[in-house]
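Please work from the sequences and hints to get the whole structure.
Below, each chain spelled out in residue letters.
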Amino acid sequence: MALLEINHVKKTYKVRKFGHSYRLLAVNDVSFSVEKGKCVGLVGESGCGKSTLGRLITGLERPTEGEVCFTGTPIHPRDQHSKKLKFARDIQMVFQDSYDAVNPRFTASQIIEEPLKNLTQMSAIQRKEKVEQLLGQVGIPVGEKDKYALEFSGGQLQRVCIARALASGPQMLVLDEPLSSLDVSVQAQILNLLHDIKEELDLSYLLISHDLEAIYYLADAVVVMYGGQVMEQIDDIGFFNDMMHPYTRMLLSSTPAYQKKNKDDAQAEMIWMDLGVQKEGYQGCPYYGRCHLAVPECENNRPQMKEIRPGHHVACHQIK
Amino acid sequence: MDNILEVHNLQVILKRGKQKITAVDQISFSLKRGKTLGIIGESGSGKSLTCMGMLGLLDRKLWDVSGEVVFEGKPLSIQNRKAMAKICGNKMTLIMQNPMSAFNPVITIGKHFYESVNKPGSEKKTKEEVTEIATDLLTKMRIRDPQAVLHSYAFQLSGGMLQRIMIALALAVQPDILIADEPTTALDLSVQHEIIKILQKLQEQYGMAILIVSHDLGVIRHLADDVSVMYAGNMVEQGSAEIILKDPQHPYTRGLFASRPAFSKERLIMMEGQPPALEERLEGCRFYPRCKERCEDCLAYHPGASCKDEIHQISCVKYL
Amino acid sequence: MNVKVFFKKLFKRKMTIFFTAIVVVIILAGVFAPILAPHDPLEQNLELKFSMPSREYPMGTDNLGRCIFSRVLYATRTTLGFSLLCTFLAAAIGIALGIIAGYKGGVVDMVIMRICDVLYAFPALVLVMAIVGFIGVGITNVIIAMLILQWLWYARVSRNLAASESVRSYVAAARLCGASDKKIIFSHILPNIIPNMLAIFTVDFGHTIMSISGYSFLGLGVQAPDPEWGAMISEGRNFINTDPWLMFWPGIMILLVVVAVNIIGDNMRDALDSQSV
Numbered sequence: 001m002a003l004l005e006i007n008h009v010k011k012t013y014k015v016r017k018f019g020h021s022y023r024l025l026a027v028n029d030v031s032f033s034v035e036k037g038k039c040v041g042l043v044g045e046s047g048c049g050k051s052t053l054g055r056l057i058t059g060l061e062r063p064t065e066g067e068v069c070f071t072g073t074p075i076h077p078r079d080q081h082s083k084k085l086k087f088a089r090d091i092q093m094v095f096q097d098s099y100d101a102v103n104p105r106f107t108a109s110q111i112i113e114e115p116l117k118n119l120t121q122m123s124a125i126q127r128k129e130k131v132e133q134l135l136g137q138v139g140i141p142v143g144e145k146d147k148y149a150l151e152f153s154g155g156q157l158q159r160v161c162i163a164r165a166l167a168s169g170p171q172m173l174v175l176d177e178p179l180s181s182l183d184v185s186v187q188a189q190i191l192n193l194l195h196d197i198k199e200e201l202d203l204s205y206l207l208i209s210h211d212l213e214a215i216y217y218l219a220d221a222v223v224v225m226y227g228g229q230v231m232e233q234i235d236d237i238g239f240f241n242d243m244m245h246p247y248t249r250m251l252l253s254s255t256p257a258y259q260k261k262n263k264d265d266a267q268a269e270m271i272w273m274d275l276g277v278q279k280e281g282y283q284g285c286p287y288y289g290r291c292h293l294a295v296p297e298c299e300n301n302r303p304q305m306k307e308i309r310p311g312h313h314v315a316c317h318q319i320k
Numbered sequence: 321m322d323n324i325l326e327v328h329n330l331q332v333i334l335k336r337g338k339q340k341i342t343a344v345d346q347i348s349f350s351l352k353r354g355k356t357l358g359i360i361g362e363s364g365s366g367k368s369l370t371c372m373g374m375l376g377l378l379d380r381k382l383w384d385v386s387g388e389v390v391f392e393g394k395p396l397s398i399q400n401r402k403a404m405a406k407i408c409g410n411k412m413t414l415i416m417q418n419p420m421s422a423f424n425p426v427i428t429i430g431k432h433f434y435e436s437v438n439k440p441g442s443e444k445k446t447k448e449e450v451t452e453i454a455t456d457l458l459t460k461m462r463i464r465d466p467q468a469v470l471h472s473y474a475f476q477l478s479g480g481m482l483q484r485i486m487i488a489l490a491l492a493v494q495p496d497i498l499i500a501d502e503p504t505t506a507l508d509l510s511v512q513h514e515i516i517k518i519l520q521k522l523q524e525q526y527g528m529a530i531l532i533v534s535h536d537l538g539v540i541r542h543l544a545d546d547v548s549v550m551y552a553g554n555m556v557e558q559g560s561a562e563i564i565l566k567d568p569q570h571p572y573t574r575g576l577f578a579s580r581p582a583f584s585k586e587r588l589i590m591m592e593g594q595p596p597a598l599e600e601r602l603e604g605c606r607f608y609p610r611c612k613e614r615c616e617d618c619l620a621y622h623p624g625a626s627c628k629d630e631i632h633q634i635s636c637v638k639y640l
Numbered sequence: 641m642n643v644k645v646f647f648k649k650l651f652k653r654k655m656t657i658f659f660t661a662i663v664v665v666i667i668l669a670g671v672f673a674p675i676l677a678p679h680d681p682l683e684q685n686l687e688l689k690f691s692m693p694s695r696e697y698p699m700g701t702d703n704l705g706r707c708i709f710s711r712v713l714y715a716t717r718t719t720l721g722f723s724l725l726c727t728f729l730a731a732a733i734g735i736a737l738g739i740i741a742g743y744k745g746g747v748v749d750m751v752i753m754r755i756c757d758v759l760y761a762f763p764a765l766v767l768v769m770a771i772v773g774f775i776g777v778g779i780t781n782v783i784i785a786m787l788i789l790q791w792l793w794y795a796r797v798s799r800n801l802a803a804s805e806s807v808r809s810y811v812a813a814a815r816l817c818g819a820s821d822k823k824i825i826f827s828h829i830l831p832n833i834i835p836n837m838l839a840i841f842t843v844d845f846g847h848t849i850m851s852i853s854g855y856s857f858l859g860l861g862v863q864a865p866d867p868e869w870g871a872m873i874s875e876g877r878n879f880i881n882t883d884p885w886l887m888f889w890p891g892i893m894i895l896l897v898v899v900a901v902n903i904i905g906d907n908m909r910d911a912l913d914s915q916s917v
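Residue numbers (the numbering used here), protein chains in the order written: chain S, 1 to 320; chain F, 321 to 640; chain Z, 641 to 917.
Worth flagging that the hints you see were computed from the coordinates, not collected in a lab. Keep in mind that this is a model prediction, so the values were computed, not measured. Do not take every clue at face value.
Derived lysine-lysine pairs resembling PhoX-like cross-links, with alpha carbons at most 25 Å apart [stated by the list, open to error]:
1) F:Lys381 <-> Z:Lys648
2) S:Lys306 <-> S:Lys38
3) S:Lys260 <-> F:Lys585
4) Z:Lys648 <-> F:Lys340
5) S:Lys86 <-> Z:Lys822
6) Z:Lys652 <-> F:Lys340
7) F:Lys338 <-> Z:Lys654
8) Z:Lys823 <-> S:Lys128
Far from chain S, some chain Z residues (derived; all Cβ distances over 10 Å) [unchecked claim]:
9) Phe728
10) Trp793
11) Ile892
Note that beta-carbon positions come from the ideal geometry of N, C-alpha and C, so glycine has one too.
Right under this line is the structure:
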C-alpha cells in the first residue's frame, strides 16, 4: 500500500472578479500516490493548482470532492470538522518563502520548538536537546539558535524551516517550491540537504516546483499538472526523456539546460488567451488553447488519463 | 569604435547615516553595437544597482554614484538628471522586473504608448501614428488583438502579457540600447522562453544592443554574446559568452555553474555559505570565505580586472 | 513587525523623547497628586477667591477660593485616568472582535463588520448625549456611551491586519505544528499587530481626553465639585473677562497632553511605515 494516496480530489473556490462570480476548479480530479521513501515531483506553472494540492495533502484545506489517504486512513474524516490536523505529526510542509513562513518575532529555537511543544510530550530539557540535534542535522551552528528569524539569510532560514518540519518526526514532507526564493548557489546546498535527509530518515517527499532541473535531481516519479489537472505522470524517473504530452514537451524545451543537453527547441506557442479553462463547466482539455497538436475534439472532450506503458500515463487525445 | 556604451570605474556607494558602504565597486564593462551583454549575479551582487546607477536613476539622498559612462563616444554626465532623462527614454530604455508596478493603473496601455513616444524633446507624433507603431510592435510580440489591448488597463492583463507590452513600450521609441533588468524572473517558464525568443528576434530586426541582467544562467546562455559575472559588488569574470560558458575560470563562476543540477542525478558540487550582506564584506577578495581554492594572498588582493588575455578578464589572484 | 526594532526607530527622534517625557511627568504628577498638592482640591476659602498666583497658591485660586494648582493636579487623575480606562476598554473590545473577525473570516467576519458599518452611521456626540440623557449624567455613563462607538476603529484596523497576517504561511505552518486557534491568535497574530495597535491607541487616547473633557465641560461627565479639566474650564468661563487664568491652566494642560500624545502617535506611525519598506 502506498504511503499517501490521492483519490479523485477536487477543490473549487468561489471567485468574484469585477462584479461577476464563478467557481474556479483549482484542482480537478487528481489522483496519484506517493510510495514510502520516494520523492514525487509535481511540476506545473503558476496557477495550475499544485500549491493547492500541497495544502490539501497536509490537511490545511479540505477537498471539495474525493479524498486523501495517509497509510490507508482518510486525512479529512467526514464527521470531523475541527481545524485540528489529524496527521500533523506525520505530514509536514516546507514553504516557498521562508521569511513568510516563520513568525518574525521568534528565534530559531522557538521556531523549531513549536511543533515539539504541541505535537509531542517532550519535557523542556528533551526539547532543548532535540532542537540542538535538529539544528545540527540541517547544518546551522548551535550557537545561532537564539538569533531572530529576520537575522538569518534566506538559505539559513530555509534550513531552520526544514528543521521545524523534521521536528515531529514526520514520514512525509510536502516541499512547496522550497528553492524558488533562494540564490542559485544556495539552492544547490538546500537540494543536497534535502537529498541527504531523505536518505537518512527514509522520508517521502512531494516536491512541488516549476524547476524541472530540481525535480529531476530529487524525484523518483513525476506528475505534470496544467489547469488543475494531471497531464502526464511517470512512476519512474527513467522515463523522463520519453515524456510526450505536448505541454510537458513545451516545458522541457523551454528549459535552456535541457535544450543544451538534448538539442530540443520549443514548438512555437501560437495562441495567447484566457479560455477560462479552470472555470467550472469547461469541458475540454485545459491545454487546448495553447497546444500545437489541438484538434476540435480537444475543445469539447476532456482527455482521460491512459496508460501508454506500465508506469507512464498521459492525458491527451493525440497520443495513442 | 564598435562599442556603443562603455562604463568605466562605476562605483555606487550606499549612504547610511555617516556610514558609507560600497555596493558596486569600480566596475567597468562595454556593450558592443547590436550585441548583447549579460550580467549574471546572485542577490546583493549589485547587478541591478549597476543598471540604475549608470542611468542616474538612483536616489541621490541615499546613493553616491561615480564613474564614467560613455555613450556613442560621448561621455554622459550621470549626475545630471535632466541630461540623463533625455537619453533615458529615447536612446536607452529600461525594462524592469515587475511588469505590474511599471504601469499606471488608471491610464490605458494605448496612452502609455502615446506618452512614451511623445516625450518632451522628441518629435511630436499624432495619435494615429502612435497607434500604428504600437499595433505593429504588439503583433510582433505575438499579442492577439492589439487594438483591444491598447484600450485596456494594466490590471486587466496577465503578467506575461504585460511583460511583452513593456518590451513593446520600450521599443516604441526605437532605442539604441535596451536595458533589461531581470526581464523574465516573475514569469512562468514557457513565457520566459518566449520573451527571450522575441527579444532575440527583435534584436536582429532593429539591430539594437541589449544589456540583460539576470540571476538565471539559462537566460544569459540563450541571449548573451558577452558575459560579465558579478559577485558582492565586484566584477569577477568577464569575456565572450563562448569562453565563459564553456570554460569558466574564476572559482565563483565555476561554482555557480556547477550549482545547477542540469538534468543529472549526480551529487551537486556546492559552494558553502551565502553571498555576503552589504555590511559584512571583506577587504581583499570578497569570495575568499567561500572559495575552495583560497590561499593567503587572496586577502591582500584587491579585486580588479586581471587579464588572462584581452577578451577574457578574471579578477582572481591566481591570474595576476 | 518586531517590537524591539519599532521602539528603537521610535525613540531615535528627539521629538518623541521630549514629548514622551512631558506625558510621563504629567502622569506622575497625577499619581503623586496627594503628595504634591499644597491644598485639598475641594477646600474652599472664600476670603481668598480670585487671588493671583503666589507661593501659597502657585496658580492662584478660583471663584470659591480653591487652589487651582491642587485642582489641576487632582484633575490629571480624573481626566487621564478615565480617558485611559475608556481607551483601554475600547481597544480591548475592538482588537478582540477584530482579530476574531479577521482570523475566522466568513460569516463571523461579515456579522462583526456589518455591525461596525451600522454603528459608524451614528454621530458620536448625538449618540452620547442621547444615551446619557436616557440613563443619567455621570462619568460612568459617559464612558459606557462612548465605548459603543469607540471600539469600531480598533476593530476595523485589527480585522484587516489579522486577515492579512492569517493568510501568511507562518500561520499555516503553526497549524501544521499543532497550534490551536487560541495559540495562533495569542502567540502569532496578536504580537505581530501590537505595534500598529499601539500607534492607534496613542492617537485615540488624545481624542478621548478631548471627548471626556468636552462632555464634562457640557456638564454630562464629571460633576462638580470634583476637579476635571473640562469641568474646570466650564466653571471658569463665566469669569473669562476678569480672571482668565481659571480657564487658562486646565486649558493649557489639555493642550499640552493632547499635542504630546498626538505627536507621539504620529511618530509611531512613521516608525511603522519606515519599517515596512
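For tryptophan 793 of chain Z, which was marked as not at the interface, is the minimum beta-carbon distance to chain S over 10 Å?
Holds: least Cβ distance 25 Å, greater than 10 Å.
Proposed proximity, lysine 38 of chain S with lysine 306 of chain S (alpha carbon, max 25 Å)
Since the Cα atoms of lysine 306 of chain S and lysine 38 of chain S sit roughly 23 Å apart, the hinted pair holds (cutoff 25 Å).
Decide if the proposed pair is consistent with the structure: lysine 652 of chain Z and lysine 340 of chain F, CA atoms, cutoff 25 Å inclusive.
At roughly 20 Å apart (the allowed maximum being 25 Å), lysine 340 of chain F and lysine 652 of chain Z satisfy the hint.
Given the hinted pair lysine 338 of chain F and lysine 654 of chain Z, is their Cα-Cα distance within 25 Å?
It holds: about 18 Å lies between the C-alpha atoms, which stays within 25 Å.
For isoleucine 892 of chain Z, is the shortest CB-to-CB distance to chain S above 10 Å, so the non-interface label stands?
holds (41 Å)
Straight-line Cα separation of lysine 86 of chain S and lysine 822 of chain Z no greater than 25 Å?
Satisfied, since the Cα-Cα distance of roughly 18 Å is no more than 25 Å.
Would the non-interface assignment of phenylalanine 728 of chain Z survive a Cβ cutoff of 10 Å against chain S?
Holds, because the least Cβ-Cβ distance between phenylalanine 728 of chain Z and chain S comes to about 23 Å, which exceeds 10 Å.
Take the C-alpha atoms of lysine 260 of chain S and lysine 585 of chain F, compute the straight-line distance between them, and say whether it is at most 25 Å.
OK: lysine 260 of chain S and lysine 585 of chain F at ~17 Å, within 25 Å.
Sort out whether lysine 648 of chain Z lies within 25 Å of lysine 381 of chain F, counting only the CA atoms.
holds (22 Å)
Taking only the CA atoms, is the gap from lysine 823 of chain Z to lysine 128 of chain S under or equal to 25 Å?
holds (21 Å)
Does lysine 648 of chain Z pair with lysine 340 of chain F here, judged by a C-alpha cut-off of 25 Å?
With a Cα-Cα distance of about 21 Å, the restraint between lysine 648 of chain Z and lysine 340 of chain F holds, given a limit of 25 Å.
Checked against the numbered hints given earlier, the structure satisfies every one of them.
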